[in-house]
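Protein chains: 2
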Amino acid sequence: MKALRFDGKNINYLENYPNPDPNETLVRVSLAGICGTDLEILQGYMSYEGVLGHEFVGVVEESKNKKLIGKRVVGEINVGCENCDSCKNGMERHCPNRTVLGIFKRDGAFAEYLTLPEKNLHIIPDSITDEQAVFVEPIAAAFEIKDQISLNPDWNVALVGDGRLSQLIVSVLKTTCSNITCFGRHDNKLERLQKLGIKTKIGIDPAQQYNFDLVVEATGSNSGFLDSMKLVKPKGIVILKSTIASKENLDLTPAVVNEITLVGSRCGPFRPAINALESGIISVDELIDSVYPLEKFQEAFTHAKKSNVLKVVLRP
Amino acid sequence: MKALRFDGKNINYLENYPNPDPNETLVRVSLAGICGTDLEILQGYMSYEGVLGHEFVGVVEESKNKKLIGKRVVGEINVGCENCDSCKNGMERHCPNRTVLGIFKRDGAFAEYLTLPEKNLHIIPDSITDEQAVFVEPIAAAFEIKDQISLNPDWNVALVGDGRLSQLIVSVLKTTCSNITCFGRHDNKLERLQKLGIKTKIGIDPAQQYNFDLVVEATGSNSGFLDSMKLVKPKGIVILKSTIASKENLDLTPAVVNEITLVGSRCGPFRPAINALESGIISVDELIDSVYPLEKFQEAFTHAKKSNVLKVVLRP
Numbered sequence: 009m010k011a012l013r014f015d016g017k018n019i020n021y022l023e024n025y026p027n028p029d030p031n032e033t034l035v036r037v038s039l040a041g042i043c044g045t046d047l048e049i050l051q052g053y054m055s056y057e058g059v060l061g062h063e064f065v066g067v068v069e070e071s072k073n074k075k076l077i078g079k080r081v082v083g084e085i086n087v088g089c090e091n092c093d094s095c096k097n098g099m100e101r102h103c104p105n106r107t108v109l110g111i112f113k114r115d116g117a118f119a120e121y122l123t124l125p126e127k128n129l130h131i132i133p134d135s136i137t138d139e140q141a142v143f144v145e146p147i148a149a150a151f152e153i154k155d156q157i158s159l160n161p162d163w164n165v166a167l168v169g170d171g172r173l174s175q176l177i178v179s180v181l182k183t184t185c186s187n188i189t190c191f192g193r194h195d196n197k198l199e200r201l202q203k204l205g206i207k208t209k210i211g212i213d214p215a216q217q218y219n220f221d222l223v224v225e226a227t228g229s230n231s232g233f234l235d236s237m238k239l240v241k242p243k244g245i246v247i248l249k250s251t252i253a254s255k256e257n258l259d260l261t262p263a264v265v266n267e268i269t270l271v272g273s274r275c276g277p278f279r280p281a282i283n284a285l286e287s288g289i290i291s292v293d294e295l296i297d298s299v300y301p302l303e304k305f306q307e308a309f310t311h312a313k314k315s316n317v318l319k320v321v322l323r324p
Numbered sequence: 009m010k011a012l013r014f015d016g017k018n019i020n021y022l023e024n025y026p027n028p029d030p031n032e033t034l035v036r037v038s039l040a041g042i043c044g045t046d047l048e049i050l051q052g053y054m055s056y057e058g059v060l061g062h063e064f065v066g067v068v069e070e071s072k073n074k075k076l077i078g079k080r081v082v083g084e085i086n087v088g089c090e091n092c093d094s095c096k097n098g099m100e101r102h103c104p105n106r107t108v109l110g111i112f113k114r115d116g117a118f119a120e121y122l123t124l125p126e127k128n129l130h131i132i133p134d135s136i137t138d139e140q141a142v143f144v145e146p147i148a149a150a151f152e153i154k155d156q157i158s159l160n161p162d163w164n165v166a167l168v169g170d171g172r173l174s175q176l177i178v179s180v181l182k183t184t185c186s187n188i189t190c191f192g193r194h195d196n197k198l199e200r201l202q203k204l205g206i207k208t209k210i211g212i213d214p215a216q217q218y219n220f221d222l223v224v225e226a227t228g229s230n231s232g233f234l235d236s237m238k239l240v241k242p243k244g245i246v247i248l249k250s251t252i253a254s255k256e257n258l259d260l261t262p263a264v265v266n267e268i269t270l271v272g273s274r275c276g277p278f279r280p281a282i283n284a285l286e287s288g289i290i291s292v293d294e295l296i297d298s299v300y301p302l303e304k305f306q307e308a309f310t311h312a313k314k315s316n317v318l319k320v321v322l323r324p
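Chains S and G, in that order, are what the protein sequence lines are. Start counting the first sequence at 9; every next residue gets the next number (the numbering used here). Start counting the second sequence at 9; every next residue gets the next number (the numbering used here).
I should point out that these hints are in silico values taken from the structure, not numbers from a laboratory. Honestly, I wouldn't trust all of these hints.
Each pair may be met inside one copy or between any two copies, as identical chains are not told apart.
Said to hold, decoys possible - Straight line, CA to CA, 30 Å or less: simulated DSSO-like cross-link-like pairs of lysine-lysine:
1) K154 with K243
2) K154 with K238
3) K209 with K96
4) K127 with K314
5) K238 with K96
6) K154 with K127
7) K209 with K113
8) K154 with K207
9) K17 with K79
10) K79 with K10
11) K10 with K127
12) K113 with K207
13) K79 with K96
14) K127 with K74
15) K10 with K304
16) K72 with K154
17) K313 with K79
18) K72 with K314
19) K243 with K182
20) K238 with K17
21) K154 with K113
22) K203 with K238
Using the sequences and the accompanying hints, generate a full structural model.
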C-alpha cells in the first residue's frame, strides 16, 4: 500500500509498504489531517519512526465484527495493553504500555490503510461529512478540558494561540463560557474567531495582565507559556494544551508565587466530539485550507508549516 | 535598633537602624527563623533590599489596640492595599500592591523590632513556646496545601525533599493521609521523618515510578521537579511548594503527556497552624538545630546553608 513513513530524519513516500496488522480492524483512510504534533515529530518528538498521522476518517474494509464493514469511522489513537491498572480503570489513554497511532510504536493514518482494535473505532453518522469527521480527534482533545476542570460560565477566559487546535478549543469553551479572548498573531485566524463571537487581541496590554480566571495555552511555545502566566489571575488555572518544544528558561516561579494551577491536557473523549459535530454546536467550517494527495506530501507539509495556514489534509 | 539588612549584595549588621513604621503595631522580635527563601534572597530572588526575615514570634510593645500590648504574637507576612479586588475578596496574600515582610518592600524580622498592621497579628496561646511559635509561618505554608486540594486518605503520597519545610509538610499531610513516602538525601533528616511513621527513600527505583497520586515538590531544585514528574501517576497532582531557582531545561512535556495537575503553593492560613501546634497534632520537636544572637549572623547563615541542618534561629 501507499504510505508516508518517517525514518527519524526524512519522510519517505513508499508505494509498497507492507499491509497493517491482520488481527485488527482494517480501515481504508479517506482523509487524514496534518497536526502540530506531526510537525513536532519531524523535529524529533517521541523519537518516532513509522507511518505518520493520527487524525483520520475512513471506511472499515475488514473486521471480525462484520457489522462494522463498510461503515465510516474515526478512531481513538491510544491502544492500551488491557492488563494494567490504567487499562482496568478505563484510563487506556494513560496505559504505560500503550501504542499511539502515528506517534508511538504504531503506524499511522498517512497511508492507504491503517488498523486499530475494534473498540477504538467510532461510527460516524451520515450527517457528518468526511471533511468534518477528520476533526473529531482534535475536537476530542479540546473536550478533554471539560473532563478535567469544571468550567464556570462567569469566568473570564483567555486562549493563547490562534492555530488549528485553538480554533476548536474556542468552540468547546463557548459551549459553557461566553467571555473569551483569544491572544494570537495571525489576522486571518483571528478573523475566523471574531466570526464566532470571540474577542481577539494581538499582544498583551497591562489592562489584561492578571485578568483571566482560566487561560488555555495552545501555542506550544515558551513565549505562549510566559504570556499565559501574565494573563492568569492569582489562584487561576492554566491549561497546557500543547507540549512546549523548547525547554529553555521556562520559569515556574510565577506559578508558585501566584499559586496557579497548571493542568496538562492531551487526548480526549470522542463521543462528545462526534455529538457536537452532529448537533452543530461545533463548527469546523473554513478550517480546511487545502487537500493534497499522499504523493504530494512535500508540498502538503511545506504548506502546513506556514504560520498563517489552518488545517492541511491528505487524501490517500 | 539592631538589624540585619541585605543591600542586594551583602548582609550588614547595623546597630542604629531607624525604628520601623510608627503607624503600625510594634513587635519586639523574640525569635526569627532562617528559611530557604532567605537564602534564595541572598542569591537575588525578588531583588529584595532591606531587613531580612519573615518567620518570627515576638511581643507587642506598641499598638493602637491597647489589648494587644504585652501579648506574644506571630504575624502573617503579606500586607495588602485593602482597596483592590484581591483584598476585597479576602485574597490579601495575592494583592498586586502588597508588601511582604522581609521579602518585598517591607523590612523583616531579623531585627530587634518589626511592625505589621494589627490585622496581620495572631496571639499565641501560653501553651505554645516561642521555640514552637517561630514555626507557625512555615506550618501555615504547609497547611495551604489543604486549602488548595481535597486530600484523599486513600492516596499514595510522595514528598520530594527532606528539608525544613518538608518536615512540616509531612506533619500536615499526616493529618489526612497515612501512606506517605519521603524521597530525600540526608540520613538525619530522614530519620526524624521515620520517627513520625513516614517511609523514607534515597533515590527512586523503577517500582516507585508513576506510583503516587499526590507528589509534593519541596526541594526547589530542577532535579526535585524531574523526580516529582517521575513519581506521580498519570492524571495525578504535583504540588509545587518551593520556587525553583534554576530555570534550565525545565521540561513540562511529561505534565502534558501524563495530564498532570501542577499546583503552585505559597503562604497559608495561620489559624489552623496555631491550632495544630496547640493541640499537638503538629510536632516541631528536634527541628531547631541551633540559636544564634543577631550579631553572629555570619555563623548562623553559614550554618543554615549546610545541607544536613534543619532550622537555624536568630534571637535578636
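Each hint, compared with the structure:
1. Within a single copy, K154 and K243 get their C-alpha atoms as close as 19 Å, and across copies as close as 14 Å, so both meet the 30 Å cut-off.
2. Taking identical chains as interchangeable, the C-alpha atoms of K154 and K238 lie at most 30 Å apart whether they share a chain (23 Å) or sit on different chains (26 Å).
3. Taking the closest pair of Cα atoms, K209 and K96 come within 30 Å of each other only across two copies (29 Å); inside a single copy the shortest separation is 45 Å, beyond that limit.
4. Taking the shortest Cα distances, K127 and K314 never come within 30 Å of each other, neither inside one copy (36 Å) nor across copies (57 Å).
5. Taking the closest pair of Cα atoms, K238 and K96 come within 30 Å of each other only across two copies (21 Å); inside a single copy the shortest separation is 40 Å, beyond that limit.
6. For a Cα distance limit of 30 Å, the shortest separation of K154 from K127 inside one copy, 23 Å, qualifies, whereas the shortest one across copies, 40 Å, does not.
7. Within a single copy, K209 and K113 get their C-alpha atoms no closer than 40 Å, and across copies no closer than 34 Å, so neither meets the 30 Å cut-off.
8. For the identical chains of this complex, K154 and K207 are intra-copy neighbours only, at 21 Å inside a copy versus 36 Å across copies, given an alpha-carbon limit of 30 Å.
9. Taking the shortest alpha-carbon separations for K17 and K79, neither the intra-copy value of 36 Å nor the inter-copy value of 72 Å comes in at or below 30 Å.
10. For a Cα distance limit of 30 Å, the shortest separation of K79 from K10 inside one copy, 22 Å, qualifies, whereas the shortest one across copies, 83 Å, does not.
11. Taking the shortest alpha-carbon separations for K10 and K127, only the intra-copy value of 25 Å comes in at or below 30 Å, while the best inter-copy value is 73 Å.
12. In this homomeric assembly, K113 and K207 never come within 30 Å of each other (Cα to Cα): the closest approach is 41 Å inside a single copy and 37 Å across copies.
13. Proximity of K79 to K96 under the C-alpha cut-off of 30 Å is restricted to the intra-copy arrangement: shortest distance 28 Å within a copy versus 58 Å between copies.
14. Taking CA atoms no more than 30 Å apart as the test, K127 paired with K74 passes inside one copy only; the shortest distance there is 14 Å, against 73 Å between copies.
15. In this homomeric assembly, K10 and K304 come within 30 Å of each other (Cα to Cα) only inside a single copy, at 12 Å, whereas the closest approach across copies is 77 Å.
16. In this assembly of identical chains, the alpha carbons of K72 and K154 never lie at most 30 Å apart, being 34 Å within a copy and 51 Å across copies at closest.
17. For the homomeric pair K313 and K79, neither the shortest alpha-carbon distance inside one copy (33 Å) nor that between copies (68 Å) is at most 30 Å.
18. Taking the closest pair of Cα atoms, K72 and K314 never come within 30 Å of each other, the shortest separation being 42 Å inside a single copy and 66 Å across copies.
19. Taking the shortest alpha-carbon separations for K243 and K182, both the intra-copy value of 22 Å and the inter-copy value of 25 Å come in at or below 30 Å.
20. When the C-alpha separation of K238 and K17 is checked against a cutoff of 30 Å, the pair qualifies only between copies, where the shortest distance is 29 Å, while the shortest distance within a copy is 37 Å.
21. In the homo-oligomer, the alpha carbons of K154 and K113 lie at most 30 Å apart inside one protomer (29 Å), although the nearest pairing across protomers, at 41 Å, exceeds that limit.
22. For the identical chains of this complex, K203 and K238 are intra-copy neighbours only, at 26 Å inside a copy versus 43 Å across copies, given an alpha-carbon limit of 30 Å.
Checked against the numbered hints above, the structure breaks hints 4, 7, 9, 12, 16, 17 and 18 and satisfies the rest.
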